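Q: Chain by chain, the residues:
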Amino acid sequence: NAGVMQNPRHLVRRRGQEARLRCSPMKGHSHVYWYRQLPEEGLKFMVYLQKENIIDESGMPKERFSAEFPKEGPSILRIQQVVRGDSAAYFCASSPMTGSYGYTFGSGTRLTVV
Amino acid sequence: AQSVTQLGSHVSVSEGALVLLRCNYSSSVPPYLFWYVQYPNQGLQLLLKYTSAATLVKGINGFEAEFKKSETSFHLTKPSAHMSDAAEYFCAVSEGETSGSRLTFGEGTQLTVNP
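So the sequence lines, in the order shown, correspond to chains A and B. For what it's worth, the numbering used here labels the leading residue of the first sequence as 74, then goes sequentially. For what it's worth, the numbering used here labels the leading residue of the second sequence as 409, then goes sequentially.
Quick caveat, the hints were computed from the structure, so don't treat them as lab data. Computed from a predicted structure; not experimentally measured. For each residue, glycine too, the CB sits at the ideal point set by N, CA and C. Be aware that a few hints might be false.
Stated by the list, open to error - Heads up, simulated DSS-like pairs for lysine-lysine below, C-alpha to C-alpha not over 25 Å straight-line:
#1 B:Lys477 / B:Lys457
#2 A:Lys100 / B:Lys457
#3 B:Lys477 / B:Lys466
#4 A:Lys100 / A:Lys135
#5 A:Lys117 / B:Lys457
#6 B:Lys476 / B:Lys457
To be verified - Beyond 10 Å from chain A on every Cβ pair, some chain B residues (computed):
#7 Lys466
#8 His490
#9 Phe498
#10 Gly514
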């Protein structure tokens with residue numbers, strides 16, 4: 074049973090470009106969460122999705138950031154017109170539909186904006 | 409609102425010595441508490457979790473943590489440090505009863521183990 078798969082592992086974008094980060098949850102998991110880890114900081118919640126629904130996006134920046142979790146395929150975190158301050162590690166986590174405590178995290182995507 | 413404070417951003421111990429990583433939380437409802445470990449350039453691995461059952465929780469790799477409501481603490485301990493324990497450790501709190509609640513993380517504690 075593969076874990077949470079994130080790709081790419083490393084992503085370099087120039088300022089103004091778009092970044093697309095993908096997350097495939099564990100098999101049987103229908104809840105997906107995105108967190109951001111800035112250098113020397115802890116993880117900060119961004120968004121919580123279930124299939125085709127955004128449940129809680131209170132941690133998402135108001136502009137340039139969006140997330141989706143379609144019926145088929147991975148969850149996507151999209152950052153438009155990236156700026157240097159977007160450089161960070163972005164982690165995806167998933168959990169099963171039934172009650173469970175604690176997530177399974179992916180290995181993250183490290184975004185560098187140059 | 410929930411919050412987590414990890415006392416000490418860096419902790420250094422000798423191999424074989426006791427490991428103690430401190431975590432205090434704030435929560436408006438009975439919390440669920442977690443410790444995660446992060447090795448360089450990797451994701452977070454769940455060490456242990458407290459979900460209102462036994463207050464002393466045993467996790468992987470010989471770690472354990474004790475929930476103390478009166479002290480609002482959930483400190484992580486290991487009797488004897490191993491070189492492979494060197495990593496960053498994060499304490500986290502959730503106020504939800506299901507997996508659908510966000511985690512609030514502390515700033516992390518970097519553990520160094522000296523030979």
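Q: It remains to establish, for every hint, whether it holds in the given structure.
A: The hints, checked one at a time:
Simply put, lysine 477 of chain B and lysine 457 of chain B have alpha-carbon atoms about 15 Å apart, close enough for the 25 Å limit, and the pair holds. Note on lysine 100 of chain A and lysine 457 of chain B: the hinted pairing holds, with a Cα-Cα distance of about 22 Å set against a maximum of 25 Å. At roughly 17 Å between alpha-carbon atoms, lysine 477 of chain B and lysine 466 of chain B fall within 25 Å of each other, so this suggested pair holds. Simply put, lysine 100 of chain A and lysine 135 of chain A have alpha-carbon atoms about 31 Å apart, too far for the 25 Å limit, and the pair is violated.
A distance of roughly 19 Å separates the Cα atoms of lysine 117 of chain A and lysine 457 of chain B; the hinted pair therefore holds under the 25 Å criterion. A threshold of 25 Å between alpha carbons decides the hint, and for lysine 476 of chain B with lysine 457 of chain B the separation of about 14 Å falls inside it, so the pair holds. Its beta-carbon lying about 15 Å from the closest one in chain A, lysine 466 of chain B satisfies the requirement of being farther than 10 Å from that chain. No beta-carbon of chain A comes within 10 Å of the beta-carbon of histidine 490 of chain B; the shortest separation is about 23 Å.
Its beta-carbon lying about 6 Å from the closest one in chain A, phenylalanine 498 of chain B breaks the requirement of being farther than 10 Å from that chain. Some Cβ of chain A comes within 10 Å of the Cβ of glycine 514 of chain B; the nearest lies about 6 Å off, and the non-interface call is violated.
Against the hints set out earlier in the document, violations occur for numbers 4, 9 and 10.
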